[in-house]
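J.: Could you slot chains B, C, D, E and F onto chain A? The hints should help.
Here is how the chains run, residue by residue.
There are 6 protein chains.
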Amino acid sequence: MPVCGSVEYGEASAEVRAVYDDIMATRQTDYINNFWKALAHDPVLLRRTWENVKQVMAPGALDALTKEMLYVAVSASNQCPYCIASHTAAARKAGMTDSIFAELMAVVAMANATNRLASGYQVEIDDRFKPA
Amino acid sequence: MPVCGSVEYGEASAEVRAVYDDIMATRQTDYINNFWKALAHDPVLLRRTWENVKQVMAPGALDALTKEMLYVAVSASNQCPYCIASHTAAARKAGMTDSIFAELMAVVAMANATNRLASGYQVEIDDRFKPA
Amino acid sequence: MPVCGSVEYGEASAEVRAVYDDIMATRQTDYINNFWKALAHDPVLLRRTWENVKQVMAPGALDALTKEMLYVAVSASNQCPYCIASHTAAARKAGMTDSIFAELMAVVAMANATNRLASGYQVEIDDRFKPA
Amino acid sequence: MPVCGSVEYGEASAEVRAVYDDIMATRQTDYINNFWKALAHDPVLLRRTWENVKQVMAPGALDALTKEMLYVAVSASNQCPYCIASHTAAARKAGMTDSIFAELMAVVAMANATNRLASGYQVEIDDRFKPA
Amino acid sequence: MPVCGSVEYGEASAEVRAVYDDIMATRQTDYINNFWKALAHDPVLLRRTWENVKQVMAPGALDALTKEMLYVAVSASNQCPYCIASHTAAARKAGMTDSIFAELMAVVAMANATNRLASGYQVEIDDRFKPA
Amino acid sequence: MPVCGSVEYGEASAEVRAVYDDIMATRQTDYINNFWKALAHDPVLLRRTWENVKQVMAPGALDALTKEMLYVAVSASNQCPYCIASHTAAARKAGMTDSIFAELMAVVAMANATNRLASGYQVEIDDRFKPA
Chain A
1 MPVCGSVEYG
11 EASAEVRAVY
21 DDIMATRQTD
31 YINNFWKALA
41 HDPVLLRRTW
51 ENVKQVMAPG
61 ALDALTKEML
71 YVAVSASNQC
81 PYCIASHTAA
91 ARKAGMTDSI
101 FAELMAVVAM
111 ANATNRLASG
121 YQVEIDDRFK
131 PA
Chain B
1001 MPVCGSVEYG
1011 EASAEVRAVY
1021 DDIMATRQTD
1031 YINNFWKALA
1041 HDPVLLRRTW
1051 ENVKQVMAPG
1061 ALDALTKEML
1071 YVAVSASNQC
1081 PYCIASHTAA
1091 ARKAGMTDSI
1101 FAELMAVVAM
1111 ANATNRLASG
1121 YQVEIDDRFK
1131 PA
Chain C
2001 MPVCGSVEYG
2011 EASAEVRAVY
2021 DDIMATRQTD
2031 YINNFWKALA
2041 HDPVLLRRTW
2051 ENVKQVMAPG
2061 ALDALTKEML
2071 YVAVSASNQC
2081 PYCIASHTAA
2091 ARKAGMTDSI
2101 FAELMAVVAM
2111 ANATNRLASG
2121 YQVEIDDRFK
2131 PA
Chain D
3001 MPVCGSVEYG
3011 EASAEVRAVY
3021 DDIMATRQTD
3031 YINNFWKALA
3041 HDPVLLRRTW
3051 ENVKQVMAPG
3061 ALDALTKEML
3071 YVAVSASNQC
3081 PYCIASHTAA
3091 ARKAGMTDSI
3101 FAELMAVVAM
3111 ANATNRLASG
3121 YQVEIDDRFK
3131 PA
Chain E
4001 MPVCGSVEYG
4011 EASAEVRAVY
4021 DDIMATRQTD
4031 YINNFWKALA
4041 HDPVLLRRTW
4051 ENVKQVMAPG
4061 ALDALTKEML
4071 YVAVSASNQC
4081 PYCIASHTAA
4091 ARKAGMTDSI
4101 FAELMAVVAM
4111 ANATNRLASG
4121 YQVEIDDRFK
4131 PA
Chain F
5001 MPVCGSVEYG
5011 EASAEVRAVY
5021 DDIMATRQTD
5031 YINNFWKALA
5041 HDPVLLRRTW
5051 ENVKQVMAPG
5061 ALDALTKEML
5071 YVAVSASNQC
5081 PYCIASHTAA
5091 ARKAGMTDSI
5101 FAELMAVVAM
5111 ANATNRLASG
5121 YQVEIDDRFK
5131 PA
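Residue numbers (our numbering), protein chains in the order written: chain A, 1 to 132; chain B, 1001 to 1132; chain C, 2001 to 2132; chain D, 3001 to 3132; chain E, 4001 to 4132; chain F, 5001 to 5132.
Same shape as in the complex, but just chain A (with noise of 0.2 Å):
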């Protein structure tokens, strides 16, 4: 169970149930993932935070694989299982392959591999890469 409970559909307020229809009506499912149902016993955080996936997560410059593989990125390099898995399954979705899902792993690997050669070499940043 998560930290203050968590609330089923049958059991939720008319407030928690609408945030609950839009999630399903935007991803076309009929499943509510652990993650809301933990937010879901406060309901304006709830609100809150699934506004703003909606909002961030929408197709506009970016499509909607590349930013599920930047929520992969950035959560296999916090190390947060939840989100690593939750958001892999949502690439998957959206059409990451396995060829796709080794390129981002290696992409994710290296980046963390040089950030700390650049940090623990104390390299000074390029006049030519500072934003003019």
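In short, the hints are calculated from the structure, not lab data. Cβ atoms here follow ideal geometry from the backbone N, Cα and C, with glycine treated the same way. A couple of the hints might just be wrong.
[Claimed, not checked] Examples of chain F residues lying across from chain E (beta carbon under 8 Å, computed): (1) C5083; (2) A5085; (3) K5130; (4) A5132.
T.: Below, chains B, C, D, E and F without anything else, positioned relative to chain A:
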């Protein structure tokens, strides 16, 4: 100065120069950035790191822009100023517009937020998200 | 089992038992949690860690609840499942309600998000924020 | 300069200016800090981020000082220089004394230490710490 | 199961089998651990990662035990359960005693603590610590 | 200036001076680095932190150089510029050559990379790696 000094092209050994030449040829530039000059005190580390970067960042299942954006996402999550600056510059070169950057940053911010909501609430991974 | 085994009270040396006794007396409990039993293979590490925790977590300029919330905030940011669970439990004991927890998590999520917006956008520190 | 430039009040669109006005009114200041001016190239990102911060940081179950201290704790754990500086300044404004700061830092340091002892020793979560 | 499945020796391609054989020969074992079987869906990623690990972990200026301890220190700081477990086991094999492990963990805990004191207090780097 | 100011020897209280004297005697130097001067506004925090560092960094089962290298590995992984600089300097003093530093950095980079491959691929811990 980086920890073990910075190796300029003019003073580089043949071994180091060969890597520098390959970097410049691959990236179609005549500029070697500080990162490589810091690693060059150890030609083995320099070569291995460059060979890895060259392989991993080459367009494949993912294009160059997506790979650079993933690099920025990881580097921003890890708070690495050097890699944020250098890979934001590289992403720009690969076509990243201001709008794309804003969406990239929005996803990175959101992922870093929900990573902590998921862990803080101790949310269990949904069975359907586990790789089969 | 933790790496070097778990030392139960009954099998503990006098040195370890003295620390266990102090933990139980300070916390007014008869329970020694797994963390301490894992460190107890090295009585010096056990004692130093406990003395530090005892001093740092004692109410002073900040009360016990605030200190436990800070502990949860750090542990959630670092993705440490053990410390998230144990300090969320401790914060509960110190009076954390569901509403407080929701606000705590909201701040943690927000801080983790804006930390990356600030670094990703390469925002310079305002002069007025620098300690004088 | 931040990545996409800095939007000053005088050159801001009506949309951006409305957010700036709300920031200044809410915080009772005539100063817009660099963070907001960096986000302002994208009015949607600016507005969403500000609305979130405004909601999350408003006093509720937790007071303003506690929220700012949590922000500092997270930012110090994540090594974000901008947010450390800006939220330490904000915490000062909300009443943080030197003594409170010292205790805050002591808890942050301790939590970061024991987070790694718990993970390094591979300590299992005690049953009694798991949310029921 | 890992994300793209697990490749057992019996079902592996010649390319993957060659890497597995080299892992077993280099480590003088007949066991391939889960990490490699997860990468093996992509033989290029598998080979590159193994070649890197083989080069980097070979005794050189630093012996095998020191390298494994450094691996554990990083993995514990990053909260990576898999690498903590696998490299603690490898360090054991390379001669790490309980006493060494306790000192290793004590340094890791201390470094994680003072990292945040230094950043939280906004301490400036002493001139004498800057690489000349 | 650090957050609560910097306490110079000449203006220090007897309590702070005693710690400064012990630092200089233990390290056989007449220099107090900025870190300690920043903590000194709170003599209790200063003393506790110094006592911990003194105990933990004293040669024991691990020698001084190994301990300093572990410190650098953690600090580079955490992106703490102050501790990277100060402990790289300390490791130099303890005998770290350029070759050793290059190998240290190579292990740090590799560990940071594979930490994310292990988590991103959701690799399960092999039974044989679990502490018995």
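J.: None of the hints should be skipped; say for each whether it holds.
T.: Hint by hint, here is what the structure shows:
no.: 1; hint: C5083; verdict: holds (5 Å)
no.: 2; hint: A5085; verdict: holds (4 Å)
no.: 3; hint: K5130; verdict: holds (6 Å)
no.: 4; hint: A5132; verdict: violated (10 Å)
Violated hint for the displayed structure: number 4, the only one.
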